[in-house]
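Chemist: Respectively, the protein sequence lines represent chains A and B.
The numbering of the first sequence is the numbering used here, which starts it at 844 and goes up by one.
The numbering of the second sequence is the numbering used here, which starts it at 26 and goes up by one.
Hints are computed from structural coordinates only; laboratory data are not their basis.
A few of these clues could be false.
Below are the DSS-like pairs computed for lysine-lysine, each with C-alpha atoms no more than 25 Å apart in a straight line [to be verified]: (1) A/LYS1026 with A/LYS1072; (2) B/LYS493 with A/LYS1026; (3) A/LYS1043 with B/LYS472; (4) A/LYS846 with B/LYS220; (5) A/LYS846 with B/LYS289; (6) A/LYS846 with B/LYS468; (7) B/LYS61 with A/LYS1187; (8) B/LYS394 with B/LYS468; (9) B/LYS398 with A/LYS846; (10) A/LYS1043 with B/LYS493; (11) A/LYS846 with B/LYS427; (12) B/LYS30 with A/LYS1043; (13) B/LYS284 with B/LYS303.
Quick caveat: nothing in here was measured; it's all calculated off a predicted structure.
Listed below, chain by chain, are the residues.
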Amino acid sequence: MTKFVKGNEAVVIGALYAGCDAFFGYPITPASEVAQMAALYFPSVGKEFLQAECETSSINMVYGAASTGKLSMTATSGPGMSLMQEGISYLAGAELPGVIVTVQRAGPGLGNVYPEQGDYNQAVKGGGHGNYHCLVLAPGNVQEMCDLTMKAFELSFKYRNPVIVIADAVLGQMMETLRLPEKESPRPDTSAWAAEGNAKTRGNLITSIFLNAPQQEEHNIHLQAKYRKIEAAEQMAECYRTDDAEIVLCAYGTSSRICRSAVDALREGGVKVGMFRPQTLYPFPEKALAEVAEGRKLMVVEMSAGQFRDDIALHLGRRAETIPLVNRMGGILVTVEQVIDAVKGLA
Amino acid sequence: MAVIKAKGFYDTFDRSGTPTRDTHYCPGCGHGIIHKLLCEAMADMGIQDRTVIVNPIGCAVFGYYYWDVGNVGAAHGRAQSVATAINRTRPDSIVISYQGDGDLAAIGFNATFQAANRGEHVATFFVNNSTYGMTGGQMAPTTLLGQKTKTTPFGRAADHEGYPLCVCEALNQLKAPVYIARVSVADTKRIMEAKKAIRKALEIQVQKKGFAFVEILSPCPTNLGLDPLKAAQWEIEQSEQIFPLGTFRDISAEAESRKDPEPKPTPSEFFGGGTDVKAPEPDYAFGTKHIKIAGFGGQGILSLGLAIAEAARYSARYSSWFPSYGPEQRGGSSSCNVIVSGTPIGSPDAPQPDVLVCMNRPSYDRFAKDVPKGGVILCDATVEITEQPPEGVKLFMMPSLKLATEFGVPKATNTVMLAALAHLGVTGLATEQLLNALDDSFKKKPKLIPINRDIFQKAYAWCEANWKA
C-alpha cells in the first residue's frame, strides 16, 4: 500500500502506526504540516491532538503524557526547538520517552523558512542544561520520515530517553511515495515506572531532582552508562556505492540527496565515488565511518558551517580542516553541480 | 507515644532520605496544613489510586515525600502544561496541580491562563504566600505593595514592580473554569472553609466537570520575618486587603460531565483500504525527468505538479514533488519541481528542468534560460516571449486560458496543460495514468471529475490538430 505524501505528513503516519497517543504542537514554518496533519489524523483514530500556546508548553505536554506512560510527540523548527531545550533536558533527566521532530530552517535568530542544517549541534550535542544526550535520527527521504519516526518511539521507550528526528525544510515540504507500515508497533509496558493513574503505579514517581549531590552524581553515572549502551547498539548508516569508491562524500538529510545525485552522475563519468550517510547522528555511526574512511578521500557536504564535519573529524581523530567541506547556508541548497565540481577538483 | 496516622500520606517519608514523619517545612508554614487538607480529602474520597499530582518547583517541590498518589515533578512554571497532558491522555485519572505563586503566577502564568481557558480537567491548588520561599524570600507576583523582600529591599512599588497580581480575579474573566475560590489557612475558621473548597475542587474532577481553581493564602513566617502567629495575623490583616476571600465562581451544578470518547478505527484501518498501488522498483532504462512548473498562485501550479507526480506513483515509478513555500506562496508567484525517475531520487530540486511549464511571463523570464539542450518549454499563449529559448530547446505555446474558458471552466488551465504534457509525451508516463491522477485530484469534488476529463480530452485533441506539423 502506498500513499504520495509530504515528509511532514509521513511523520504523522509513522507516529500513529507506532501507537502515538498524543501530539502537542505549535505552528511554525516549515514544520506546520506536521501539526496540521496531526490535527486531522490523530482524532480520526481516537488519539489526542492539542495545539499548545507555545513550544515551551508543547514539550512540557510531551513530558506530562510521557510521565503517565503514554506515547507522545511534538514537531517544530529552529526557534521553537530552542524554546524546547529546557523541556528536553527535563525529559532526559527524568528519563522520559518522547519524540521531537525538528524540521530545520535557516538561522540564527528568526532567520528564514528555507532549508538549512544549522541546528545539528543543538540536536546532537544537546541544547539544554546538564550531561545528557538525545538519540538523534536523520531521515533522508519521505519513507524514512515515517519509518524513523516509528523507530524513534521504539528507541525512546526502550531507553526511556527523548529521541529527536532531525529533518529539514526540503524533507518536510517535499512529497514522495510512502509505503505504509505493515502493522502497528506493539505497545510498551510502562507500569514499572510511569504514574499511570492506577493502583499498580500509585507508588511511581517521575522527577529529575536529586538534592543530595552523591545521588545526583549516581544518576549522572547511570545516564552515562545508558548512553554507552546506546552508542554500542544503535548506530545506523547507509553506505551508498562505497565498495570500490576512492572518494566518499559524507552527508545526512537533504544534503545526502544532493550527494546521491552527484554520486550517480559522477559514476556515469567513471569517477569512483560513494556516499556515507548517517541515519543516526547520536549515536554517531563511527564504526561504519571508520570502515568507509579507511584509505579513501573524504569530503563533507552540509547546509551548515561545518558542524557535521566537526563530528566526522572527531570520530576519525582528525582535525576538521583536513577534510574538504562543500556547504551553503542561509536557506540555499548545495547544488549537484557544486558537489560534482568539488569532487572533480579532489580526484 | 501513640502516633496517629495522617490519611492520604505515606506512613513515613522515606523519600526524604530517612524514614521520618516530619516534613521539611518551616514552623508556622501553611503548606503542612494544606497538604493535610488535600490528603485527607483524597483518602476520604477514595481517589488515591487514580490520582496524579504534578509537583511544583518551590517549597512544595518535595510534595512527593508525603502524598501517597502517583507523583510527577514538573519544571518551574510548566505544571499546567504537564497536568494538561496527563488529563488529555489519562482522562480517567484525577489530576492535581499544586503550585506556588512564582510558579503559577509569574513564569507559569500564561500556561495557567491557557489551561484554565481550555477548561482542563485539573484541580489547581495555588499557594499564595506573597514571596518566593524556597529561593530565600524574593519578590513574588503576589508580594504586597510596600512589602520588603530580598529583591524589593525598599518595598514593592507600584510604579516599578507593578501591582500584586490577583489570579482568581484574572481567571474569572474566562468562560471555561467551573470553580474559582480564594481561601486561607491563617486560622481555624478559615481552615474549615479551605477544607470545603479543596474537596469541592476534587469532586469536580471526580464528576469530570472541568477546571477548578483554589487559591490559598498561606503564611510564610520565615520570609516575612514574623513568628507563626504574627505571620498568620499578617495574612488576615494585610494580605486579605488585596486578596479578598470568597467563591468567585461555582458553576459545578450546571456544568456537564465529560463524555467518554467514541470508538475509532485503528491506523491500519484508517490509512489502509483504497486501491493498492505497488511501491516502485528500480528500472534503469526509464531514466529521470526533471520538471518545473511555474506561474501565479491560484493557477493550479502545485496541483498540476502533484498530478504528474501521482501519475508516476500509479506507474510504480519513483517521483518527488517539491514546492515553493513560505512567504513566496503568499507573494503571488508559485512553482514546484517534479522528478519522475526509474531509480530512487536524489535531489528533489530541478534547477535545470528537462520540462518547464510557464503559466506567466515572470516564470518564463526566470527559468527558461536554465532549460538544457533537448528540453521542452510549454508556455501559456498569453506569455509574451521577448527572448528566445536556449538553443536546442523546443518551445510550445498553449492557449490554456483561452481553451479552458471555451471549455466552460476558466480555472482549468492546469488540466489543459496536463493534456498538452500528455500529448508531448515528455513525462514518460502513460496518458491513462495522468488521467487517473487528474481524477484523483478532484476526489473531494467528484462532480468535477467528468468535467475535467472532458477538458483534458478536448485539449489533447487541440494539440493533435495544431501541433501535428
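Chemist: Now tell me if each hint is right for this structure.
Modeler: Going through the hints against the structure:
At most 25 Å may separate the alpha-carbon atoms for a hinted pair to count; A/LYS1026 and A/LYS1072 exceed this at roughly 28 Å. Restraint check for B/LYS493 and A/LYS1026: the C-alpha separation of about 51 Å exceeds 25 Å, so the hint is violated. Annotation: proposed proximity of A/LYS1043 to B/LYS472 is violated, straight-line Cα distance about 56 Å (limit 25 Å). For a cut-off of 25 Å, the pair hint linking A/LYS846 to B/LYS220 is broken: about 57 Å separates their Cα positions.
With a C-alpha separation of about 21 Å, the suggested pair A/LYS846 and B/LYS289 falls inside the 25 Å cut-off, and the hint holds. Distance restraint check for A/LYS846 and B/LYS468: the Cα-Cα separation of roughly 14 Å lies within the 25 Å cut-off, and the hinted pair is therefore satisfied. For the suggested pair B/LYS61 and A/LYS1187, the alpha carbons sit about 76 Å apart, so the restraint of at most 25 Å is broken. For the hint linking B/LYS394 to B/LYS468, the alpha-carbon distance of about 36 Å lies beyond 25 Å, and the restraint is violated.
A hinted pair counts as satisfied when its Cα atoms are at most 25 Å apart, and B/LYS398 with A/LYS846 does not qualify at roughly 34 Å. A C-alpha spacing of about 78 Å is found between A/LYS1043 and B/LYS493, which places the hinted pair above 25 Å, so the restraint is violated. For the suggested pair A/LYS846 and B/LYS427, the alpha carbons sit about 34 Å apart, so the restraint of at most 25 Å is broken. Annotation: proposed proximity of B/LYS30 to A/LYS1043 holds, straight-line Cα distance about 23 Å (limit 25 Å).
Restraint check for B/LYS284 and B/LYS303: the C-alpha separation of about 42 Å exceeds 25 Å, so the hint is violated.
Checked against the numbered hints given earlier, this structure breaks hints 1, 2, 3, 4, 7, 8, 9, 10, 11 and 13; the rest are met.
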